[in-house]
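Build out the structure end to end from the sequences listed, making use of the hints.
Protein chains in written order, with this note's numbering: chain A, 1 to 179; chain B, 180 to 653.
Because the hints were derived from the structure by calculation, they are not lab data.
The structure displayed is predicted, hence computed values, not measured ones.
We put the CB at the ideal spot given by N, CA and C, even for glycine.
Do not take every clue at face value.
As the list claims (entries may be wrong) - Here are some chain A residues pointing at chain B (derived, C-beta under 8 Å):
#1 C19
#2 K36
#3 V39
#4 T116
Spelled out from the first residue to the last, the chains are:
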Amino acid sequence: MSERKIKLATVWLDGCSGCHMSFLDMDERLLELAEKVEVVYSPLVDTKEFPEEVDVTLVEGAVSTEEDLHKIQLIRQRTKILVAFGDCAVTGNVPAMRNRFHIREVMQRVYEQNATQNHKPPMDGIPALLPRVRPVHEIVKVDVYLPGCPPRADAIYFVLTELLEGRIPDTAAITRFGA
Amino acid sequence: MAQRITIEPVTRIEGHAKITIQLNEEGNVTDAWFHVTQLRGFEKLCEGRPFSEMPSLMARICGICPVSHLLASGKACDQLLAVRIPEPAIKLRRLLNLAQIVQSHALSFFHLSAPDLLLGMDSDPKKRNIFGLIEANPQMAKDGIQLRKIGQTIIELLAGKRIHPAWVVPGGVSEPLTAEKRDAILSMLPEAKEIALRTLQWFKRSLENFRDEIRTFANFPSLFLGLVTPEGKWECYHGRVRVVDENGHIVADQLDPVEYQDYIGEATEPWTYLKFPYYKPMGYPDGMYRVGPLARLNIIDGFDTPLAEQEWVEFRELERGAVLSSFYYHYARLIEILHAIEKMEELLNDPEILSKHIRAIAGLNNLEGIGVAEAPRGILIHHYKVNEDGLMEWANLIIATGHNNLAMSKGILQVAKHFVNGKQLNEGMLNRVEAVIRAFDPCLSCSTHAVGHMPLHIQLIGPDGTLLDELRRD
Chain A
1 MSERKIKLAT VWLDGCSGCH MSFLDMDERL LELAEKVEVV YSPLVDTKEF
51 PEEVDVTLVE GAVSTEEDLH KIQLIRQRTK ILVAFGDCAV TGNVPAMRNR
101 FHIREVMQRV YEQNATQNHK PPMDGIPALL PRVRPVHEIV KVDVYLPGCP
151 PRADAIYFVL TELLEGRIPD TAAITRFGA
Chain B
180 MAQRITIEPV TRIEGHAKIT IQLNEEGNVT DAWFHVTQLR GFEKLCEGRP
230 FSEMPSLMAR ICGICPVSHL LASGKACDQL LAVRIPEPAI KLRRLLNLAQ
280 IVQSHALSFF HLSAPDLLLG MDSDPKKRNI FGLIEANPQM AKDGIQLRKI
330 GQTIIELLAG KRIHPAWVVP GGVSEPLTAE KRDAILSMLP EAKEIALRTL
380 QWFKRSLENF RDEIRTFANF PSLFLGLVTP EGKWECYHGR VRVVDENGHI
430 VADQLDPVEY QDYIGEATEP WTYLKFPYYK PMGYPDGMYR VGPLARLNII
480 DGFDTPLAEQ EWVEFRELER GAVLSSFYYH YARLIEILHA IEKMEELLND
530 PEILSKHIRA IAGLNNLEGI GVAEAPRGIL IHHYKVNEDG LMEWANLIIA
580 TGHNNLAMSK GILQVAKHFV NGKQLNEGML NRVEAVIRAF DPCLSCSTHA
630 VGHMPLHIQL IGPDGTLLDE LRRD
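Spelled out as structure tokens, the structure:
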């Protein structure tokens, strides 16, 4: 294994941040990981632009907005190993439950029925919702699937240590949808 | 030349947001907007699902505070059953809520904000994060990781899983607490208490380094709103609503949370997915109020545990009326962690905590249910309507962070005006604008149950919400 630190990125698209919280649930193992990885982009750090030549990116969340679509394509271009991190990224999961409804119905419920003033759906400088929420693999190629809602910290730790050793992990043995 | 600055994404917060700052020709700040850029639509996507699914479904609104949603949802479902849940179940749900406060506040303080507080607002962005903290002050980083771990482990012992556990069900909880687990939890608390006290001492000493931030971080008069016990003390599970003004005077008291629509309204604005709750008697936007740790410490008459009470008395001496600077949210959070630990000790030493009577069994008896509780970030409301088959027809969720939207918006303008100089921009200025948002500890995935960036992005959106055309410009 090379001496340089592995460049790790984590991203949340349309998720709940639970997978990231499970990442933090590695607890003291984070201290150990900090010696071997450099976190180059993440909601937890202050980098504003996704960098080039990232070794591993954990992608939490489904693809829900125009911005998510743009982001995931950029991430795929700049990443060697892309991990669909958690059930929303793997299958769409809860965010995809809005797919049964037209966006207009969602906007009406949230901003017209459930507002007492102004009653207008927002659309000024914020990313448009896609007509249907998609899992990551429908947009870009995924190298590793890590299901779970969220995947347990042990499973995340296993995947990272395997990748650090240069192996593509078999996640079916350690986690599943809805875990 | 007039310019617009975009901070995107806002980092070290939960969820998706960007901030735009408008400068005039002289390079002075004239306006600022806080844009929340995601929406999942929980108020709609739950339609057609059986109400018994709601606690677990609603937990997925947020991975930091799923317990809050479990509880508010559970309480709404209790109303659909028309039951008063057994006293031991209330104690167990309360215990879960307290454990969550410990882990969520620890995350906010140590993992998200301590990099600013310890390394400095102007420090190297590459190091200004939890990993940089591990290098610069391993003791503090370990404390933070350990405190959060204790909170999460207690949740796991009570509810079976750290994130998105089940356990809270309509009518109570699904399993009683065993003596072994009770003992295991009790054994963790002394260390948690030490960490909380140690961090409070450190924080109070460090306040003098942040005079500018204290003065300008969303420091203005506002109402404060939250739950209190019948005696006016700090409450997180049950209680009634109290509203207090900037002088610390009570504006409204012991309001029924179920009647929230009488006093809380929600407005929309075009530039953000997050709605703007406001105090109805004062209208929009004058009815701005704050919720969460700072607000709770302002509305209460005290804590019913000794160490927290002592710290609270000292805290309230910061100002004659209510404590107004949002920088002090960080301070309030630490005091709440301390109280939560003391209160958990008290609950666990109560023999009733091991009772087997932890669930009221009933069928559907009401077609409408409202559940209100205090989440770490503020008051949380779940309101459901179901049909005769128990399937969801409608939901209204007003979520902790959302209540702070008006205050956060006003806060970023205040900080931007003070720190951002358009003629000589530096990174630390922009970090401070983000830092005022971090003080509120927003949970934006919650509140909007709704990479490379461009300062100007025009989208042509059709009436059905589809994107017809767009222009981007650097």
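Each hint tested on the structure:
no. : hint : in the structure
1   : C19  : holds (7 Å)
2   : K36  : violated (12 Å)
3   : V39  : holds (6 Å)
4   : T116 : holds (4 Å)
Hint check: a violation occurs at hint 2 only; the rest are consistent with the structure.
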